[in-house]
Structures are given as C-alpha cells and as structure tokens.
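With chain Y held as given, fit chain Z onto it using these hints.
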Amino acid sequence: MPSALPLGDPAPSDGLLPAQALEGAGGRAFGLYVHIPFCAVRCGYCDFNTYTATELGGGASQDAYADTAVAEVGFAARALADSGLPERPLSTVFFGGGTPTLLPAEDLARILRAAVDTWGLAPGAEVTTEANPDSVTRESLQLLADAGFTRVSFGMQSAVPHVLKVLDRTHTPSRVPLVVEWAREAGLAVSLDLIYGTPGESLEDWRHSLETALSYRPDHISAYALIVEEGTKLAAQIRRGEVPGIDDDDHAAKYELADELISAAGLGWYEVSNWAATPEQACRHNLAYWRGDDWWGIGPGAHSHVGGVRWWNVKHPVAYAARLDSGASPAAGRETLDSETRNIERIMLEARLVSGLDIPSLGGLEETGRHAVAGLIADGLVEPAQAFRGRLVLTLKGRLLADAVVRRLLPD
Amino acid sequence: MSPMARTAPVPAATDPALIRNFCIIAHIDHGKSTLADRMLQFTGIVQSRDMKAQYLDRMDIERERGITIKSQAVRMPWELEGTSYALNMIDTPGHVDFTYEVSRSLAACEGAVLLVDAAQGIEAQTLANLYLAMENNLTIIPVLNKIDLPAAQPEKYAEELANLIGGDPEDVLRVSGKTGAGVEALLDKIVRDLPAPVGDPDAPARAMIFDSVYDTYRGVVTYVRVVDGMLHPRERIQMMSTRATHELLEIGVSSPEPTPSKGLGVGEVGYLITGVKDVRQSKVGDTVTNMAKPATQSLAGYADAKPMVFSGLYPLDGTDYPVLRDALEKLMLNDAALVYEPETSAALGFGFRVGFLGLLHLEITRERLEREYNLDLISTAPNVEYEVTLEDKKVIHVTNPSEYPTGKVAEVREPMVSATILAPNEFVGAIMELCQSRRGVMGGMDYLSEDRVEIRYRLPLAEIVFDFFDILKSRTRGYGSLDWKADGDQVADLVKVDIMLQGEQVDAFSAITHRDKAYAYGVMMTGKLRELIPRQQFEVPIQAAIGSRIIARESIRAIRKDVLAKCYGGDITRKRKLLEKQKEGKKRMKMVGRVEVPQEAFIAALTTEESKDKAKK
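So the sequence lines, in the order shown, correspond to chains Y and Z. Adding 56 to a residue's 1-based position in the first sequence gives its number in our numbering. Adding 22 to a residue's 1-based position in the second sequence gives its number in our numbering.
For reference, chain Y alone in the conformation it holds in the complex:
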C-alpha cells in the first residue's frame, strides 16, 4: 500500500459498520488481507508501508507481530458480528507486504490458523502469500503448504542483474527457478511478479525477463509498470539525474511485448496487469478488489472494504500495535460511499477486467457513459463484438489507456 493514507472521515473506535455495509452481504465473497510490514532492505522504488528489522522495536517488532495481527483478527470478528454482518467463511486470504516470508513460516501459519479458526475457509479457498526468492527455503515452503497456503507469488521483478540492482533487489536471478521448483514440490500454485520500465532497462532486457519467467511455466504472471513514487530513493535519483526518468512510450512498448509473449505462452489476461494459465488460476483475491467484494485488511496501513464502506488502518506499526493493545480499532479513517461514488468505482474497477463492464448499466448515472461507448469503439479502445453483446471489454490499446477510457465513461 502507498505510504500516504487517503483523507477520509474519522473511524469509530469500536469498528462498528453502518447499516449500509449489511445490504446484500450474504451474496458477497469475504476475504482477508494480511499486511506484513517488514523487509530485509528497503527497495529504492518502494513506498509501501514497510520497515526493516532495525527500524522497529517493542510491540511492533517482528517477533511480536504475529500476536498483534492475531489480535486484529479477533477485533475484526467482533466488529463484524456486532455490526450484524452474517458469518461468512473466507473465500480468499492474501499475505502481502513488505516481505511476508521475512517472518518465520510458523508465524504466518499462526496468523492464518487464527483466521481460519475464526471464520473458516470456503471450499476451494485461495490462500496466497507473497515471497521474496531469497527468504524462502524448501522447508519453509512445505511448512506453508502444510499450514493451508495454496499459492505463492514470487517477487522475481526481473531476470537482468543491472535492472535488479537499480530496484535494490537482493536476490540472484538463478535462485528463482529453484524456489519455483520447491513451491511446486510442496503443491503450491506459483505466480511470478515482474516489473517493467525500470530506468536503464532495454526492451531486450525486458524480453529476456519475460522469456526467463515464462520458461519456469508459472500458473500466473503479474507485470507491473514501475511507478516512481514521491519520496522514494528512486524518485530522488531521477530528480538528481543519476538514473534516467520514466518514459510512458517505453512502458507502452514493454506492455505490448509482455502481452504478446505471455499470450504466446498460453496465459490469458484477466486484468490489465495480470495473466493466468487458466481462468481458474486467476488470483481471486486480486479479482475481489476489482469486483468490489468484501475484505478485511489486517496490519498497519491495510485497507478494508465491506459493502461500500472503506477504511484504512494507522500506518505506523507502533501506533497500530498500541491501538489494538488498548482494544480500540486500528482504523485511521474511513469513507462511506454513496451510490454515485460506488458506481464510479464500479466503472473504474470493472473496466480493467477481461469480464468487462455491463454496458446497459452505464446509463445509471447519466447518458454520458453509454454515449461514450461508440466513440471508444471508433478509437479502437474497446472490443466491438463484445460491445454489441453488451459488455465493455478493453482491447490491447484500450488496456494501455484504461484510465482515459474510464474518464470518458464517467459523467462530466
């Protein structure tokens, strides 16, 4: 998550949700996100809410973190029940960070167990953790699988040493096939995360990274354009002219190459930055974000969403631990979306999916959206055949201009 939290309304300390959150809750999937705010080193491009081991102590230290997270699981269960939400088993669980695997596998397992004990797991539930290729072993992966994890997403980022160096990634490229193999042995589905557009990365570098990643036959690939966030080391380096800046045309060319090579390897896109070997292997937790399902985010700075109510926790692990210690909600702020805003979000999020957006429903706000569709077809941004069937699905060109498409769909 980004280091800056949004501005919102104050969040009540009991964490109770307004009645709006209950509407239709029974029909929505429920997921859990667990944020692990630790990294071995801070990468130059990263502005996520994460800390190195030496930065934190006391109740916020790595050793104590699992207990604190478990405390929030308990808080969440009470708040949801007290708000009158129906009991729902977890459809998806996702451990992200930071580097979740920097915590001992036992700690991750303990947090997962607490969640499963609280809510239960839906049949076929997806349980993912992100992992750094450096911070897993054959044993730790087996332990995670045994604890109930079904999927691991490795932060491979690139197969090119000089690119990894700019990103401050510590792993050696040769370790990736090894950890993929171990994960397979443990029975885990494997996703690889790649980053393109790093300063100094050539199109050939990127092709090499893609071909290398695909040669490991992952079930899933995420390819994200590097975003230079304010306040990061990389932003400062670019500002000082030490490394070249970001070029959108370069990003576009690399995205097109990614789509070409990944598709050729038999994976299909299901979201702007995500491809899966089969539709079943799409990351369901990720899809839940885009589809507006419910999830609770555990951990400092984590975001949650239940029925049009969004909230986010305090950012600093020390403040976060202190809140939970005192029995109060760790939320820093929240917003309750009105129906117009929910519709804006729906357009913004669903337009990114291969399943697309329901065109007839676009007239809900104003006529703008439906009228815009013809123009989008003419500009080659949406699939005409799908549009005639009532779905707005982006073309390759449209995916690269997804934000512009959404702006054109929204009322002025």
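To be clear, the hints were calculated from the coordinates, so they are not data collected in a lab. Note that the coordinates shown come from a computational prediction; the quantities given were computed from them, not determined experimentally. Just so you know, not all the hints are guaranteed correct.
What the hints assert, rightly or not - Here are a few chain Y residues that face chain Z, going by a calculated C-beta distance under 8 Å:
#	residue
1	G64
2	Y280
3	I283
4	V284
5	V328
6	S329
7	G353
8	H359
9	R455
10	D459
11	A460
12	V462
For every residue, glycine included, the Cβ atom is placed at its ideal position computed from N, Cα and C.
Leaving out everything else, chain Z in the frame of chain Y:
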C-alpha cells in the same frame, strides 16, 4: 543655503513673477520620484514623519514598478534672498506610451529639470522628452542624480548632457535624491534660472488641462495651468473642444494634499472639480475658459488620444466576463486613452478587444485588472491596426487577425513609427541587424558622446510591439534604450497566418505578419504548441497556413499509455481520488474540436518572453 519660505505666496493672489513652473524629465529608475520626495520635504510641505517613499506615486502599481503613470502637480513654497516664491512641480509620466500626456505637461511649464542617473547616462525616452521640451522652448536645468552611488561617473555624463543641450559640463548640477545632497541648490537654481510665466490677467480665462484623474469620492479631478485671466470657484466653465459647460465646484492647489483656493490666476497650476464622472469629459490638452466671458481662441496642441496597440482580453474563467466588463468600465473613467469593444473567440470565449497607447499601457491595464478586480486574464498577442483596401475599394480597419478578410485584398497599409535607440557604440552592429530584420529603414546616426550613439530607424509598429524591446535589451546587454513615435503608414505585403489543431482553426493563435515572416511565425507557433499541448489519445496535427496553403506542420504523437498499473493492496480510495482529480482537470481544458487544450497552453503560447520575465519580478 535657502531657508523654507516663512510666508508662502497665496494661491489666486500670487504675482506671476514669483511663480516657477517646472517638470522633471527622467527615465524610469533614474530617481525622479525620490528627488520629488526630497523637494516636498525640503520645502516643508510634507513633514518627514509623513513621508512615504515616492509620495506622489499614488497607485500601488506606480510605487511598485517605480514609474509614474498619471502626472501630479504640487505647489511648494521656496525662499531665495528674502523673497518667497511658489514652485509648481509637474510630475510627468516617464514612458513612451504616454508621450502625448508628457507633451501637455511640458506645455504647462517654463522649464524642465533634466534628471539623469550619474551611473547610467541618458536614455532614449529621456532624450525624446528632452527634445520635446526644447521644441517647447523650455529652459533646461541639467542634473545628475545618484551621485552617492559607487558606480557614478558624473564627469562622463556631465559632458554628455552638456553636449546635448549646449553648455558647460561645470553647470550640470549633482544631486542625490536619496541623501538630499544638492537638492537645495537645485531649488535655488530653479528660482534663479527659470523664467516666470507670462500671461494677460485681463484677458478671458484660458487654462490648459494637462491631466485628468478619476477619484471615487470626488469625481474627475482636472489639473490645469492658467495661461490668461483667472478662474474662480462657483463660476461656470466651458471645455473649448466639446463646448460642454460645468459648474466649478472647487478649485485649488495641491501642496501636496488638495487645498481649495479663491481661484487660480495667470501662471498658476492647480486642480478643478466639476462633478463630472468620466475623464472623457475633461480631456488632456483641452482649454478651459469662462462661460460668461469665453476666450475665442483655444490653446494650441490639443489632440485625441489614439490607441496604437490592440489585444484581446479574456477572463480565464468565463463566468468572470461581467466582472471584466465592469472593471473596464471603471478603468475607462480614469483613462481617456483606453478603448474597448466586446469580442468573441471560438477558443477563448467572451472577452474584449482593447486598444492601448502602447505595450506598457497594455501591461499596466492588464495588471490593474488582475490586481484591483481580482481577475485572471488571457491577453492575446498584441496587434496594430491595419487598413485593408478590398478590390471593390471598400476600406476596413483590422485590429484582430480573425477579422482579416479572406481574398480580394487590393492593398494593406500598416502603421509606422520613427524609433530612436541610444546605446554604447559597440552595439551599433547588433542594433542595425535587429532593426533590419524588423523591416526597418535607417534614418541616421549621431554620436552623443565619444562612446554613445543615437540611431534612428523607421519601423513598422507591428514589428516592435511584441518582443522588440526585450531583444534590444538582451543584444545590448541592457544598455540600449528605445523611444518611438507614430510616423504615418506604409503599404506592406502582409498575410494572415492561421494555426490549426487537427484541422480546426484556432482564432486566438492567428497572426497578421509580413509575407517573409509568415513561415517563421508558423514554425514558432506550431513548435510552441507541440510543447504546450499534452498528448491526446490520437495524433494531433498542428498546422500553420496562409489561406489553404500549409506553411508549417508539427504533430503531437498520440499518448500510448494512460493507466495506473496497480491498486496498492486494495487502496481503491486513492485511485478514485486520482481519477476525480483528473476529471476535474479536464474541466479546465478548452476543447478545440476533439483536442483538449489546457488554459495554460493558451497563456504560454501568447506570452512573450519579456512579459514572462516581468511576471517573475
């Protein structure tokens, strides 16, 4: 050293022999207002504790820019050898745009203090005003100011001044407005050297208007110099050019606050209040007479102010249009030279085409509108007035490129100016190159001193209104100065260059240029726009054309990527707020066909480098 006057001569009862009327001719920054401040102090009419820097520059904008836009007249007592005199100091505008007002101020005086910065020497506009003063037979007192500055070169510039006006360098006074050194000697010299005014006290009253200022509380305050006869409060007066009559509600002198008097007699300088609300009813240069006993002959030199430079003024926010209209109406009350009419631009919406005396007048007006009326304005590139004769002999006057007729033009005439440029002689080559490139014809060149020259050129006005002065300054490392005055017109081979975005003509960027320069304008503007207009979802060709012939072409490549790669850990709120911000930004765009053009692009494309620099100051 002279003491302050113990008994000041009383207005309306002062023997003309005891009156001295003078003005100060100086360039911007040469310290005129500071010197005037010292005179106010030394003559005792402003106490030191009431003194604020540049007392007479009443508008904030005047004080900040260190220039005088409107003139003032102050009556000061001064005693020399036991006799009390009344000195009338007429503070003149210091800029070329206001030459006519300067000429009227000069006509109200018998003498002029020629004030020159001892570190910089005389500048072109000062020289022009000096010539004007000499043509009016004014007695000139040459003075070097800022002698306290370490960079002052009084010997060098004293010699230059002596050469110019004929005289001995030793006679050039040396003062410092800042420290007050030499100011008393100057006041003495004004009394000694300047002739007293001469007039017929028994003739019908004749007074010349040299300034006219609108005051919110009092209406128009008119500044006059009485030539013959006498004006009294409560009598009816007549403006000789318009024959309009008014009752004289109040008459008096400024010293420096308005002080009513029993009248104004021969040679006196003061103000009149008649209750009129518009300076157009009390025009600079006009002659005031007594209605009951009118003069038959008006004083010479009256002329209507003629706008030379035109620009479209548009509110950035279209809803501010009524505010702009009201603001212009109010400014007009105080500015007889300002003319305007409503105008519509496809690109910029509703606005006004406004006529100005020159570029400074334009800038000052624009700045006042923005500051005093809290408006954000776009001003289009300045234009001159062209006289276009069609093949059917019909003549039209074009002040806006979008009114330029298409085809069937028999002849186009453009206004010309005669320009004087002063600079150190090492820059002669650079100046000549600049003037030639601006279609100038050299009129002559003279040495003012060993190393300073005066170069005279006849140039099309259109060539100097945009960036000429700025380039002159940079090519002469800041030493060059310019003065110009209108000098008829000439037939020229002019064309209109249109700018098109994706085939749609954008009226705000059209320009009338000489045929030889059309290409350069087209390349400049298309290049500028390519940088200023953000990439769109489609390729945007930018073309410059004369009629249907394309003379320059650029293109803005289509944007290929406009998508946020991910939503961090479900932070949908952040993404939505970003989207809302982008959507808000879109509202500030002007649509040209399908092309979204940010307001900033219009401003930047129409802004000269020079005005950009000014904004930074």
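Hints versus structure:
Of the supplied interface hints, the one on Y/G64 holds, with its beta-carbon coming within about 7 Å of a beta-carbon of chain Z, less than 8 Å. With 8 Å as the threshold, the beta carbon of Y/Y280 comes within range of chain Z, its nearest partner Cβ sitting at about 4 Å, so the hint holds. At a threshold of 8 Å, the smallest CB-CB gap from Y/I283 to chain Z is about 6 Å, leaving the interface hint in force. The interface hint given for Y/V284 is broken, as the beta carbon of that residue sits about 12 Å from the closest beta carbon of chain Z, more than 8 Å.
For Y/V328, the interface hint holds, since its Cβ comes within 8 Å of a Cβ in chain Z; the closest pair sits about 6 Å apart. Residue-level restraint check for Y/S329 holds (minimum Cβ-Cβ distance to chain Z is 5 Å; threshold 8 Å). Residue-level restraint check for Y/G353 holds (minimum Cβ-Cβ distance to chain Z is 6 Å; threshold 8 Å). With a least beta-carbon distance of about 4 Å to chain Z, the hint placing Y/H359 at the interface is held under the 8 Å criterion.
Residue-level restraint check for Y/R455 holds (minimum Cβ-Cβ distance to chain Z is 7 Å; threshold 8 Å). At its closest, the beta carbon of Y/D459 sits 5 Å from a beta carbon of chain Z; the interface hint therefore holds under the 8 Å criterion. Hint on Y/A460 holds. Least Cβ distance to chain Z is approximately 4 Å, under the 8 Å limit. Because the closest C-beta pair between Y/V462 and chain Z is about 6 Å apart, less than 8 Å, the hint holds.
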